[in-house]
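Chemist: The primary structure of each chain is shown beneath.
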Amino acid sequence: MVNAHRSYILHISIIGMLAAMFFILPAYHVGNLSRIMVLAVYAMGFNVLFGYTGLLSLGHALFFATGMYGLGMAMNTFNIAAEPAMLIGGICAFLVSAVIGFLALRTSGVAFMIVTLMFAQAGYLTILYFGAYTRGDEGFVIPQADRMIAGIDITGETARYFSALFLFSVVFLLIMYLVRSPFGHTIVAIRENEERTRMLGYDTVRHKLAAVIISGTISGIAGAAYALLFGYAGATFATVQYSIFPLLWVLLGGAGTTLGPIIGTIFMFYLIDLSSTVTQAYMLIAGVVLVLLTLFAPQGLAGELRRRVFKWLP
Amino acid sequence: MVAVNILTTKGLTKNYGGIKANTDIDFELQRGKVTALIGPNGAGKSTFVGMLCGRFPATRGEVFFEGQNISSLPAHKRIQLGIAYTFQITSVYSGLTLLENVAIAARRRLGKDFASVTEKVDSVLAQVGLSDRAYQIAGDLSYGHQRVLEIAMGLAQDPRLFILDEPTQGLAETEIDDFVKLIKSLAGETTILLIEHNMDVVMRTADQITVLEFGKTLASGTPDEIHRNEAVQAAYLGTAADA
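Protein chains in written order, with our numbering: chain A, 1 to 314; chain B, 1001 to 1243.
Extracted from the complex, chain A is given alone in its bound form:
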């Protein structure tokens, strides 16, 4: 199992590199990287469903926002401490993804995309409708004093960076483990040929539902962590835009690779960051780069690496 060892070493060294970045990079980029790591967790959650199971959801913002509001409202409305609130965010996302998965998996292909999109829109409108509690578009700030984990104030740059890195590492390693497990192989089999997989005796519906729940829960935890670390929850995070972002990150980085989400998120974040210093029409530059990448590296950056150099990449 040489490939398994290589893969462990690779994943551990990426976590090590990210830890080292804190000491190397200037403060501005350290702040960016904290944000990127949390968003990469979101992308990794999305990748479980899109990259590995082959199901394209256009409504993942719903899960992200569910986690965010689960934590945010627990802390703000019910004055619950950060740790249990984090758990509540995760549980909310788990429940919502179970229900949405159960309903949406009655469809497939384009219909699945549309159904998930519609559910997410319904979720967004629900947040606006209950503006009295959610503060709608305006959102709400989670007071700095409450943002403590195990007695550590996580609003400071150092604590925030390492909290984000901790969460990222846990999910990163979890997914590395998941894709090597029999479950991981089965969802890839479903992606490659669902009818074949069913006729080999696998309960494909149950596997797909599990994939939606794992994906939705990870996305929700990312949402909760985002609210906790950056102190803000708002309806913007439930918009279509936030459903499309993880798709772009994953596509750019490489769908169905463990490294794709983090690579894609870093790439896209800095692409927008750098191009906006050059021109106001930064989305134009971002768009052109996206088109070029899709043309010349359709499997994303990590996918292309796997194809050309490291065939063993998980």
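If you're looking for bench data, these hints aren't it; they were derived computationally from the structure.
By construction, the Cβ of each residue, glycine as well, lies at the ideal position given by its N, Cα and C atoms.
Take the hints with a grain of salt, since some may be wrong.
Computed, partial: chain A to chain B, Cβ under 10 Å [what the hints assert, rightly or not]:
no., residue
1, Ile152
2, Thr155
3, His185
4, Tyr202
Start from chain A and add chain B according to the hints.
Modeler: Below, chain B alone, put in the same frame as chain A:
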């Protein structure tokens, strides 16, 4: 005492809209034998076996496997009981290696036991003569090899009943010979139901033959009986066997 028949059907019927693909088929499959299902194109052979393994839901009628009524079980549950099915139109994981293709088939039963999955995959690939191609991508194989891989994926499940839908379609003569040898080596422990157009293969392998025509059973019996049956000759063999 073990029943003679591993699988039986009663009044199995499938209608696609107004088209009657299968009408009231009563069928018995003898344990440990090779049974060939033959009949002209459009006779409803694929539909029939599709209903046996649950790929298509039956309009009405019942299927019994090992004495258990499996009519209401979904496909994956039936497969889990020990029925393996190979597709008429090759359906392998074209983006994955041969090794992984067979491993997916073996893993359903063997699960987390990596050692036995590996062992099973190796032995099956050796059995069908694809060992030296284990790391190739299935989609890059020749058509004939993909057909063989399809069979290997069935074997990896250690089925009690192995249903093969036109396995020799598009195979070269030498590959067909290998296939016949393989089927003969399986007979006895595994019950085999074979849909087959190649009458030579049928006559060399089958212990029992069932003939379907227009979605109904025309005749059932040993190859000799079928060969002598006038209704069958008129419908089918008269042209195909002499060809």
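Chemist: Against the earlier hints, flag every one the structure doesn't satisfy and list their numbers going up.
Modeler: 1, 2
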